[in-house]
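**Q** Sequence:
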Amino acid sequence: MMSDSSEVMGESSAPGLSEDFFRAADDFGAMQQEHRAALVAGNLKDLFSWGYGRERAFRRLAVTLERVVACGQENKGCVASARERMGKLLAEEEVLRELILARQVKMQEQLLAMRKGKEALQGYNMNKGLVPQPRYLSSRT
2 MMSDSSEVMG ESSAPGLSED FFRAADDFGA MQQEHRAALV AGNLKDLFSW
52 GYGRERAFRR LAVTLERVVA CGQENKGCVA SARERMGKLL AEEEVLRELI
102 LARQVKMQEQ LLAMRKGKEA LQGYNMNKGL VPQPRYLSSR T
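So for the sequence shown, my numbering puts the first residue at 2; every next one is plus one.
Straight-line C-alpha distance at most 30 angstroms; calculated DSS-like pairs for lysine-lysine: (1) Lys89 <-> Lys46; (2) Lys107 <-> Lys46; (3) Lys117 <-> Lys107; (4) Lys119 <-> Lys107; (5) Lys46 <-> Lys117; (6) Lys46 <-> Lys119; (7) Lys89 <-> Lys77; (8) Lys107 <-> Lys89.
Label pairs and their calculated CB-CB ranges: (9) Tyr53 <-> Arg116: 31 to 37 angstroms; (10) Glu99 <-> Asp28: 18 to 24 angstroms; (11) Ser50 <-> Leu138: 55 to 61 angstroms.
No wet-lab data here; the hints were simulated from the structure. The beta carbon of each residue, even a glycine, is placed where N, CA and C say it ideally should be.
Kindly produce the complete structure, drawing on both the sequences and the hints.
**A** Given below as structure tokens:
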């Protein structure tokens, strides 16, 4: 597999460009499916590392798509296929966004329940409402 910089910088024929685009689209789609499965399973331990990988995969996809579109006059079928594939990728991004929003709502509900539990526990405190009084020491006797 070529490095990202050689794929982006190198000049390719229209068939090579379409192969590069569909390879990048396949990689991005596989990443989407991996993230979807993790969200559904509640496996969020790698959540913060997703950003870098997603940004890199998206950048590669965007650059190859721009090159395919730039050569679009030569290969209109490839552009139509690319448009269809991008529609599917964008639809999956919307699904991921909805899963993330649902996860955020669930976490907010859990946080609220935890706060209510904390308040309930404070209700059992014997010194509730009573704070230690400040002590003043006087040098006068």
